[in-house]
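Asker: Sequence:
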Amino acid sequence: MTPTTHERPPAAGDAVELSIGGMTCASCAARIERKLNKLDGVTASVNYATEKAKVTFPRDLDPVLLVAEVEKAGYTARLPEPAGAAPGATGEEPDELRPLRTRLITSVVLAVPVIALAMVPALQFTYWQWLSLTLAAPIVVYAGLPFHKAAWTNLRHGAATMDTLVSLGTIAAFGWSLWALFLGTAGTPGMTHGFDLTIARGDGTGDIYLEAAAGVTAFLLAGRYFETRSKRRAGAALRALLEMGAKDVAVLRDGAEERIPVDRLAVADLFVVRPGEKIATDGVVEEGSSAVDASMLTGESVPVEVGPGDTVTGATVNAGGRLVVRATRVGSDTRLAQMARLVEEAQTGKARVQRLADRISAVFVPAVIALAVGTLGFWLGTGSGAGAAFSAAVAVLIIACPCALGLATPTALLVGTGRGAQLGILIKGPEVLESTRRIDTVVLDKTGTVTEGRMTLVDVVTAAGEDPDEVLRLAGALENASEHPIAQAIARGAAERVGALPAPEEFANVEGLGVQGVVDGHAVLAGRPRLLAEWSQHLSDDLERALHAAQDAGRTAVAVGWDGKARAVLSVADVVKPTSAEAVSRLRALGLTPVLLTGDNETVARSVAAEVSVTEVVAEVLPAGKADVVRALQAEGKVVAMVGDGVNDAAALAQADLGLAMGTGTDVAIEAADLTLVRGDLRVAADAIRLSRRTLRTIRGNLFWAFAYNVAALPLAALGLLNPMIAGAAMALSSVFVVSNSLRLRRFR
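FYI, in the numbering used here the residues of the sequence shown are 1404 to 2152.
Rather than coming from a laboratory, the hints here were simulated on the basis of the structure.
All of these numbers come straight from a predicted model, not from anything done at the bench.
Check before you lean on any hint, since a few could be wrong.
[Unchecked claim] Label-pair restraints from in silico Cβ distances:
no., residue 1, residue 2, range
1, E1708, R1900, 22 to 32 Å
2, R1559, G1777, 21 to 31 Å
3, R1504, G1578, 20 to 30 Å
4, G1734, D1657, 21 to 31 Å
5, H1941, A1984, 37 to 47 Å
6, R1900, V1727, 37 to 47 Å
7, S2143, D1417, 51 to 61 Å
8, R1933, D1417, 53 to 63 Å
Beta carbons are placed, not taken as given, at the ideal position from N, Cα and C, and that holds for glycine.
With the hints as constraints, model all of the structure from the sequences given.
Answerer: Written out as structure tokens, the structure is:
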């Protein structure tokens, strides 16, 4: 093997992450892992799903030697890109997918006429067998090359997988067909394969099996292509996460603003953040005050008030006034970059996928080979002649060729994922299904998943004699002039209840306290009770009780007054979605224990949990802590599903055994998850788990019957009683059964 060209390796250290290429199954990952771990002082963990190898090694070991060791095992490896290199500069994605797509198209186009000629006697013209050979040869030699290469690699390491069975079966079918055409009687003009299903012993010299070789290769290439395309998206969560940050920033230089790309920002630089802009990097506020919406990053539903001396985080949104911030962390040191690393580590640390077909093949393939060798020896020993002996031995290999096995997983996935899409459920790949069977705990993010994810006006308590609609009209008009999320929630709620709102005059924002202005000739105040108290507008006993009751329930209370008197207390909260309680009930019915997880405070979390009947609550958790909570549950032996929607959930979604992202959430969460729920309805999570479990059961049933048909026909092949039509009928019947069984998923409700 020619070693690949590598970039300059990282400085000798103690850890590196290699990108691995050429793996076709979980046993490949295990083989590479064993190879690396044999090196002195090296500890390696290889993940088949993400195609990454996490390696720790002695400081005196050149990382290039790790790459060489992987290449000795028959795979490719690549060191991390140098700092500043553009992602994907190596072109790895198109290089892997393009040839696979070309092989798939080639095999499908050529295999259709080969199968039709073999199965429909009416199409078998005088020299049809030679046309079949011409069409089948490129499929076996060119399109099937990935299976043959993988089988050779497995053979060198004493292993047997699905690739071994495919390669062995297709080569046996093609090789015997060549022998029958050129040295036997199959090449005779006018030869046909009729519908003779009688069991009779023959020497096989007139039989060809080109349709088996062509069909199996085409079916399995389709499965390999779609699986590879799905795996290529493993890094998309990281790219989406890093793209959440600001692209440029207004830096203050000698008192003037200068717009520069964010990657040129340095520690201690002063930069300006206007209302509605993303904060470019982590820093400390030097001037100004505002409300910062950090819900996407921290999960806190209530905006955070900041002023001089307060810290702010990059990628959060300035929802209020103008801020001048001094940068404290830039580039890879920011919280956003740290979250990207958390997502990557969580993805790499996931349990390796063990493909069911490979596990069965590991036993089935050696058994078939042993039976074929035994059959050959038996017939030679009984003096039946080399032709009959080889015919029976090759028939054993051909009937074991997994035509239905190639359809078992792709057809169930195709129907299952198609039905899921109709119900608003997107399943990323077959490895996802294995997790759904074992899930026993479901962690629910609060903001945007259980709740609406935005502030909503939920209650209006007025002083004696006050008209609630008038309170909402004046307060809503004043708050409508503010950009603060709580103010906008009040304005929305007021407009929905009383209609169009008047325009305020002399509007002013009172830093940290609220807003004031004139509406329809009334001097209106809205904000903290302290703001009203400064104007000698004190809350009555009833309003004080309403204020404390709202705060005890985890809501944000806003006092409203005008013309010298406190008039009302408005309550604002992130309300629970109407369907969340029913969704939790459905999840319990599936045998799952729900846990509410949030960055919000304990009071708010307990209030929401009580509303949806969840008893286990973990509150006030930072983004990094969410992944830690999932990890802790896994350490207790629990198999964890995580449902979330925000950037702050991405690491936990990747860490969980099964990640479910709300489609109404961020791209980062969606990319990090295994299942995407297109609608923002938590009930779909229960449907997704049910559908995934049903699809997995269908795949298992398909695999069982696919092997059962082969095993039932093996004795016939070993006894030399197998003719092409029986072989074709067995393969066709097993394939029809598998497809029919998969189509039952369309009735999922």
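Asker: All hints, please: hold or fail.
Answerer: A quick look at each hint next to the structure:
no.: 1; hint: E1708 - R1900: 22 to 32 Å; verdict: holds (27 Å)
no.: 2; hint: R1559 - G1777: 21 to 31 Å; verdict: holds (24 Å)
no.: 3; hint: R1504 - G1578: 20 to 30 Å; verdict: holds (28 Å)
no.: 4; hint: G1734 - D1657: 21 to 31 Å; verdict: holds (24 Å)
no.: 5; hint: H1941 - A1984: 37 to 47 Å; verdict: holds (39 Å)
no.: 6; hint: R1900 - V1727: 37 to 47 Å; verdict: holds (39 Å)
no.: 7; hint: S2143 - D1417: 51 to 61 Å; verdict: holds (55 Å)
no.: 8; hint: R1933 - D1417: 53 to 63 Å; verdict: holds (55 Å)
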